[in-house]
Amino acid sequence: SQQGEEDPQALSIQEGENATMNCSYKTSINNLQWYRQNSGRGLVHLILIRSNEREKHSGRLRVTLDTSKKSSSLLITASRAADTASYFCATDSGNTPLVFGKGTRLSVIA
Amino acid sequence: GAVVSQHPSWVICKSGTSVKIECRSLDFQATTMFWYRQFPKQSLMLMATSNEGSKATYEQGVEKDKFLINHASLTLSTLTVTSAHPEDSSFYICSASEGGWYGYTFGSGTRLTVV
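These protein sequences, in sequence, are chains V and Y. Be aware that the first sequence starts at 61, since it is given in our numbering, and climbs by one per residue. Be aware that the second sequence starts at 1334, since it is given in our numbering, and climbs by one per residue.
Simulated from the structure, these hints should not be mistaken for lab results. Idealized CB from N, CA, C, for every residue including glycine. Fair warning: there could be bad hints in the mix.
[Stated by the list, open to error] From chain Y, some residues computed to sit far from chain V (all C-beta separations above 12 Å):
hint	residue
1	Lys1347
2	Glu1355
3	Met1380
4	Thr1390
[Stated by the list, open to error] Using 20 Å as the maximum straight-line C-alpha spacing, the simulated SDA-like pairs for lysine to any residue come out as follows:
hint	chain 1	residue 1	chain 2	residue 2
5	V	Lys162	Y	Ser1441
6	Y	Lys1374	V	Arg114
7	Y	Lys1353	Y	Phe1400
8	V	Lys86	V	Gly154
9	Y	Lys1353	Y	Glu1431
10	Y	Lys1374	V	Ala145
11	V	Lys162	Y	Phe1372
12	V	Lys116	V	Ser84
13	Y	Lys1374	V	Asp143
14	Y	Lys1388	Y	Thr1408
15	V	Lys162	Y	Leu1401
16	V	Lys162	Y	Lys1388
17	Y	Lys1374	V	Lys116
Pulled out of the complex, with its shape left as it was, chain V reads as follows (with noise of 0.2 Å):
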């Protein structure tokens, strides 16, 4: 079954900009996971942030987490042309398969 949410579905902006994508998910986690993945490619993982943690950086991704509210956002500065992907929160509840959310498809426009 499908837990994450992403929002927004589809995000278009310019070279330089700050992108945010969020994500939302329903029940308790142990950690949660950021893909990205070009259009018919695979799957790159991006950062993993466990369920006692707050807030991480990665270069230019910044993820934070709120279990109190059951979200977590994606946040890419200073965004590239090369950033144009579709973005997939995964969450796990120890040793479980994880699960995908919708993704957000963004598009970086140079």
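Let chain V serve as the given structure and place chain Y on it in line with the hints.
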């Protein structure tokens, strides 16, 4: 780092034939492998979970007789789409886990087109 190889990358087959997709963990032992299906512009939907040496656990709505999963070794799982139909055309992605959150290494996916 952990690498999962998925083969083939793409396949075109005739309606009614069967197609086998392989998923191999190259540098770790995958106690559990997951198979996902992704339709265009949609998210990944879990099809089944397979543990080495035991029968796969299928998600609701996934026909186990149509999507045969074999996980005979700690490094290989196969998904066979039997009697494929055009509606089975999709992107199939495997994921392998060696336990804990360190798992979840994804293959590059297989684009199946049934004509």
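Cross-check of the supplied hints:
no., hint, result
1, Lys1347, "holds, 22 Å"
2, Glu1355, "holds, 15 Å"
3, Met1380, "violated, 10 Å"
4, Thr1390, "violated, 9 Å"
5, Lys162/V - Ser1441/Y, "holds, 19 Å"
6, Lys1374/Y - Arg114/V, "violated, 30 Å"
7, Lys1353/Y - Phe1400/Y, "holds, 10 Å"
8, Lys86/V - Gly154/V, "holds, 15 Å"
9, Lys1353/Y - Glu1431/Y, "violated, 23 Å"
10, Lys1374/Y - Ala145/V, "holds, 11 Å"
11, Lys162/V - Phe1372/Y, "holds, 11 Å"
12, Lys116/V - Ser84/V, "holds, 17 Å"
13, Lys1374/Y - Asp143/V, "holds, 17 Å"
14, Lys1388/Y - Thr1408/Y, "holds, 16 Å"
15, Lys162/V - Leu1401/Y, "violated, 26 Å"
16, Lys162/V - Lys1388/Y, "violated, 29 Å"
17, Lys1374/Y - Lys116/V, "violated, 28 Å"
In summary, the numbered hints that this structure violates are 3, 4, 6, 9, 15, 16, 17.
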